[in-house]
Amino acid sequence: MAAVAARELADGEVVFVGIGLPNLACNLARRTHAPNLVLIYESGAVGATPSRLPVSIGDPALVTGSLMVCGMADVFQLFLQNGRIEVGFLGGAQVDRHGNINTTVIGDYKRPKVRLPGSGGAAEIAIHAQRILIVSKLSPRTFPERVDFVTSPGQRVKRVITDKAVLEPDDKGELMLAALYPGIEAADVKAAVGWNLRARARLDRLDPPTAAELQLLREVLDPKRLYLKS
Amino acid sequence: MIVVVEELVDERVIRSDPNRTLIPAAIVSAVVVEPWGAHPSYAQGYYDRDNDFYVGWEEISRDRAELAHYLDEFVYGVQDRAEYMKKQSRLMERLKAGEQRCAGVNYGF
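Protein chains in written order, with our numbering: chain U, 1 to 230; chain X, 1 to 109.
All clues given are correct.
Derived DEER-like restraints, expressed as beta-carbon distance ranges:
no., chain 1, residue 1, chain 2, residue 2, range
1, X, 82, U, 64, 22 to 30 Å
2, X, 85, U, 115, 31 to 39 Å
3, U, 115, X, 80, 31 to 39 Å
4, U, 214, X, 80, 43 to 51 Å
5, X, 108, U, 219, 45 to 53 Å
6, U, 214, X, 53, 26 to 34 Å
7, U, 77, X, 61, 32 to 40 Å
8, U, 114, X, 73, 29 to 37 Å
9, U, 82, X, 45, 31 to 39 Å
10, X, 40, U, 71, 22 to 30 Å
11, X, 54, U, 64, 13 to 21 Å
Please keep in mind that the hints were generated in silico from the structure rather than gathered at the bench. The beta carbon of each residue, even a glycine, is placed where N, CA and C say it ideally should be.
Given only the sequences and the hints, what does the whole structure look like? Please build it.
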């Protein structure tokens with residue numbers, strides 16, 4: 001997932017980075033085809049070049065060597081709301097057929113089954129970034145037809161990168177199967193999603209991570225396997 | 001507002017680089033000098049963020065008994081921050097900041 005997500009980024013793009021797999025993907029991209037990627041973190045680090053994988057947006061490695069450290073208000077107003085963020089990476093407990101993300105509550109808001117941490121910056125990123133990439137493992141529980149709560153609306157989602165396939169919205173915003181990972185068939189993906197998933201007429205077949213990408217991920221970027229599942 | 005600091009310096013040090021003053025005295029009610037006071041978080045130029053602690057905290061905080069045990073050992077069971085730090089072997093060694101100084105600023109005009 002990290003390798004596929006990294007390939008979505010073009011060199012020089014301005015990316016709003018979240019903790020977790022998005023972080024891994026952005027730093028992999030920076031060390032491979034996109035060395036001039038401009039990473040912006042919610043905490044105010046702009047043009048960050050972390051020498052280690054941060055486990056929090058508040059990691060000092062994000063400050064050392066960055067272009068600028070500004071307040072959170074500036075990140076969200078000056079950069080995000082002014083339309084200067086080209087890519088926003090998001091993930092969540094639930095993603096639905098229109099790319100809406102739920103990180104608020106499982107079950108009824110007034111009588112919750114599980115209360116989740118909430119939006120963080122996600123709701124803002126979802127509506128202001130020029131394009132949204134979602135990174136999330138596929139399962140019927142994670143991909144219901146409708147999320148229990150719309151924390152972050154899906155209108156700017158361009159691609160959903162999962163562990164089996166890539167989904168893309170059609171012109172009405174409904175997610176469709178667009179590309180398959182090696183060894184995966186369309187039926188596997190349809191079974192892992194909570195709605196009747198339609199497929200593009202022509203499905204792409206994605207390349208697996210290269211040996212170089214794997215080595216970077218496993219030995220350099222995430223040696224403690226905080227985010228990679230071996 | 002109460003400010004916890006690594007060290008007290010002469011006012012001249014602050015006045016030599018006012019661009020970096022984040023909190024003015026006008027809003028400070030009290031100052032506490034407590035080295036390593038920010039652990040497990042960091043103090044720029046003094047010590048690193050203890051990322052291992054934050055990762056390990058997930059397990060500790062998930063279990064009531066584990067949490068109680070942690071609090072007994074590291075919160076209720078220590079006299080002060082100095083004792084808290086000394087209790088964790090090699091911690092200060094592991095986290096002490098390296099050197100990466102900038103060129104400095106010319107405030108001349």
